[in-house]
Amino acid sequence: MSALALTAALLTFLAPGVGATGYLGQSALPQPSAEASPQPTAEPASIPSPGPAPSPSASPRPKPTATPRYTRGGPIEFSLNGSLSFGRSQSTYASTASSTPGTTALASNQTQSETGVGMLAHLFRRAGNTTLDLQLPFTLSTTTSLFGSGVLSYSTPRYAIGYGPESLSVLGQLGIGTTLRGAFLTLPANGGDITAFAGPTLVNQGGVIRLYGVRERRLVAGRLFEYGLAMTPPGSGLGSTLTLLTGTAQRRGDTSIALEAAFQRLRASSQNSGGAGIAAQTRIDWGPEKSLWTIVARTIPEDFVAFGTGQLEGDRLIDISRISQGRGRTTTFDLAFERSLLNGEATEQRRSSYILSGQLARRLGYSLNLFEQRLAASSGVQWNGTAGGQLSFSGRLGFLSLGEQFGRFTQTGVAATGTSQSAVQAQVRFGRFALSLTDQDLRMTSSITGAGHQGSFGAQLGRTFGKTTLSLNFLRMLTQNSLSDAISRIPTVSVTRQISPAFSVTASYGTESLVDRLNPQVDGRSRIFNLQVNAPFVFGSGALVQGRVDPRLPATIGGRITLDSGSAASYVVGAGTYGVANAMVVLDGRYVQRTDLNGNYQFSFVTPGQHQLRLETSSLPRGLTADAPVVTLTVQGGQSAQINFLVGDFGGIAGHVYGISRDGERVPLPNVLVRVDSGAYSQTDSSGAYGFGRLSPGEHTVSVLENSVPAYAAFSKKELTQKVNVNRGELTHATFTAEPLGSISGYVLYAKDVPKPYVAGDGALNAYVVAEPGNEAAIANDDGSFVLDDLTPGTYTLSIDPETVADGLGQVSSDLTIALKAREHYKGAIFKISRKKKKVLFTFFGNAGAAAPAVAPSLHLSEPRLPPGGAAEVTIAAPADAAISAIAFGHSKPLHYDPAHKRWSGEIVVPMDTRAGRYEVRAHSAAGHAPLPTELTVDPRLPIAILSMSPSQAKIGEYVTVRARFLADVRPGDHILWADGQKSVLGKPLVGRLFAFTLKLSARPMVGTLITGHGRFAVRLQ
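Going left to right, the sequence shown walks through residues 1 to 1022 as the numbering used here numbers them.
Some hints here could point you the wrong way.
[To be verified] Result set (BS3-like, lysine-lysine): computed pairs, CA atoms no more than 27 angstroms apart in a straight line:
1) K821 with K832
2) K1000 with K983
3) K955 with K290
4) K752 with K821
5) K832 with K756
6) K955 with K902
7) K832 with K752
8) K752 with K717
9) K1000 with K988
10) K718 with K821
11) K832 with K717
12) K756 with K955
13) K1000 with K955
[Unchecked claim] Here are the simulated distance ranges between beta carbons:
14) F333 with G235: 42 to 50 angstroms
15) V220 with I318: 46 to 54 angstroms
16) E739 with R429: 52 to 60 angstroms
17) S703 with G1013: 47 to 55 angstroms
18) P793 with G1013: 39 to 47 angstroms
19) D441 with G287: 35 to 43 angstroms
20) S240 with S488: 51 to 59 angstroms
21) L370 with G287: 38 to 46 angstroms
22) E706 with K821: 34 to 42 angstroms
23) L152 with W383: 48 to 56 angstroms
24) P793 with Y758: 31 to 39 angstroms
25) A297 with V208: 26 to 34 angstroms
26) R527 with L483: 23 to 31 angstroms
Hints in this document: simulated from the structure, not taken from any laboratory.
Computed from a prediction, not measured in an experiment: that's the story for all the values here.
For glycine and all other residues, C-beta sits at the position ideal for the given N, C-alpha and C.
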């Protein structure tokens, strides 16, 4: 029977129900679970009825209702990373004349060139739900050429095929072995997967035979099970083998247990009598992390075959260890008993060790260690023991370490040997100089060989000159015993030039001398010269976020979901390399990808900007949580981001942050920062979801950062923090809901004496209503109606922004002061617009050379409050010869004179890294009369643009008119790139920085990127 037929028959027998379910038993459903990430939907709000006091519409920030949809993948990615080095060394050797008659002095000259390159080629393509992955390591040098074990795989949610090494064991307790390379096929099964593989493997003395195997893993109720079968034909001195494997791992509370057993039958051959036996190993860990006990028990029969190693000697082992931490110190204890066969002779071994380390003071550390080993066999008894200690001190100028170790060795029929070893290491840095000193000394005492002494002393002094480093090195080595009394000295000089962060050249020159008092014939001296070039490099992908930025190209976000090697589900070494299939990853709450059988996912053609990835917890098996359920990242055009998720049985916290609309319904709050235990942060996505993983069992404190909450939502002090109890392997939910908010609505109308062509009683379209304090604003509709929604309780002063009123007109009614209560919806705020000069917030300079005015001049800011990246116009009335400059954020900017209005004006921009607070804006005048300074408030919570659409209750698929009021320096020709691919080019402004354009509504909300001459900004249309 062929290997392929055998593999097919085994798969048919072991997996009769293999279907479209993925690893860990997840069905490939296209929709995310509503339980894990609830998406509440709001009833459509009615359009305000006409009248003097319109009813506020529903929240202008409706909840997203778009159904997440799957995305297709894209381009081939290629990476090549490694290192390149080449050099040339030359040595000249000469020895003194020998004292032996008839011999002469020796001399030699040797030159050697060295060139080497080591690389890993990686070819990757993600298309839809499939992944093609090729990895090939290779090494080239002047003497050898070596290609490593390449791995080729093609994965889908329904199957995976490939070529590469495969392990028979999932848990890896027994070390049964792997194939060197070969084909494999993986199919999903209920709660796990099944892999069939075939390929060569190593046995005794490097012999190679074929191995055919099947491996299955299943996760049932938080417990991982493994089953395996392997067969080999006769070869390399062995008969045919049949191996059956089973194992399990689980964790309950602070206890973890892993057990693996294998039955093997070895047929007799010309060099082996054959036989059958069972090998088994179990490991138990219990206790908290700061006081962890571990027991390992193992039994292996004689002549058990481990693939990749060969026949093993019989072995019985029990090992007990404990690690405890507390009060600034760590204690490790280990005790093991083992009985094994060595060259056919039974040997009993006992070994124990004790290590204590900690801090005596803030900069002073210590460690103590004891080790003992006893071997007993029919030939005699051996005993070996060591005891040592070390003190280390670190300070601002450097580091000092002192160590001492004593040892003793005894053996039946052999004299005892004693050793003592001391070591001193010091590093000092002063300015651009660095000095390093090392001294090691080893002394041995034996009644047979006598006393012996070995020592070494090294010193290095370095000095940096920009990208060049000069180093003076000296090494002295001493050997003293009954056969030799030699001293070797090696002084060298090295110069290193860092051409680039990844390219350096080093040249070294030195001499080596050897003097042996007992063997003068070996005395000599040599000269050494070496030139070395090192160039590690990376071509292609390979970093978290990498790639040259190109705004014309889309971005890519991808990664892998794997089981954590420290969890009960994967528990042991090796299991963590397996991916989790059919897990669902959601991008920005709208796009969905399912992982393949290797756990890979990828989103291609992603728009540049900030994005949120969420690993849907409901798509993971019960008892597993993610280390970071929600990840926020920023990618630019042309870049690729690599986001990997780990899942295991650790505890986690997940939830949502909501606001409350005027209808009493919950509204997701995006980009809110949530913190756990004053440590890690999580930022909510578009659905308001956040999450934390890898949390220890017990009580944790989760809090919302108040300064990250948008201005249209508010939390009381009590509602900002919650206490959450976390259990291992469970995801605890904690939801934060803001206080109910209110609104203010009204009209902006033209007054009776308004000049033509305006009509008294008509609405003032596009007038901008501002509420202080806060960042609330609204744009008047065609009938002049406006709504300031989502207002927290408090007192507000409403006014009309003069920059949004036509020239010659202004607000003639007074500013309105309104005390708003909780949940109150105030109606009837009326503003009148008529012929009036705009408000002037500055005084005038006198003529040049005149006395200073009685009232100091002041400057006017078009925007008193801005977010980072925002811009405001500065205006000061002054004569043409005043030569005025505005000074803000540590920079001075000359203003330009406007002869038509007889004033100086210019623009200041808030740097993107500016923190929240009040900043002074002042001016300097050549006329000598500086205006009084004013304050500009920087608030990161302010949006860079306030967008509204008409009709406000438009359905997805309809065209709407969007009006946008920008706080950044926006010019005609700037544009917005929307996530759905639409592009809105800004034309002539309606007034000031108020623009209007037409857009097809494809989602609620719609997100995009505003691209201006000063940068990129995220915008959002609710």
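Straight-line alpha-carbon gap K756 to K955, limit 27 angstroms: Roughly 37 angstroms between the alpha carbons, so the hint for K756 and K955 is violated.
Taking the beta carbons of F333 and G235, is their distance inside 42 to 50 angstroms? 45 angstroms, holds
Taking 27 angstroms as the top limit, are the C-alpha atoms of K1000 and K955 close enough? Cα-Cα ~10 angstroms, so holds.
Run the distance test for K752 versus K717: straight-line Cα separation, threshold 27 angstroms. 48 angstroms, violated
Would you check the hint for K1000 and K988, treating anything up to 27 angstroms between C-alpha atoms as holding? 20 angstroms, holds
Quickly compare the C-alpha distance for K832 and K717 to 27 angstroms and report which way the hint goes. Between K832 and K717 the Cα gap is close to 39 angstroms, so the pair fails against 27 angstroms, i.e. violated.
Against the 27 angstroms threshold, does the CA-CA distance of K832 and K752 hold or violate the hint? 9 angstroms, holds
CB-CB spacing for G287 and D441 relative to the 35 to 43 angstroms hint: Holds - the Cβ-Cβ distance for D441 and G287, about 41 angstroms, lies within 35 to 43 angstroms.
Should the hint that L152 and W383 are 48 to 56 angstroms apart at their CB atoms be regarded as holding? 52 angstroms, holds
Using the C-beta atoms of V220 and I318, is the stated range 46 to 54 angstroms upheld? 29 angstroms, violated
Between the beta carbons of E739 and R429, is the distance compatible with 52 to 60 angstroms? The hinted range 52 to 60 angstroms holds for E739 and R429, with Cβ atoms some 56 angstroms apart.
Okay, L370 versus G287 on CB: inside 38 to 46 angstroms? Since the Cβ atoms of L370 and G287 sit about 23 angstroms apart, the hinted range of 38 to 46 angstroms is violated.
Hints 3, 4, 6, 8, 11, 12, 15, 17, 21, 22 from the list above are not met by this structure, while the remaining hints are.
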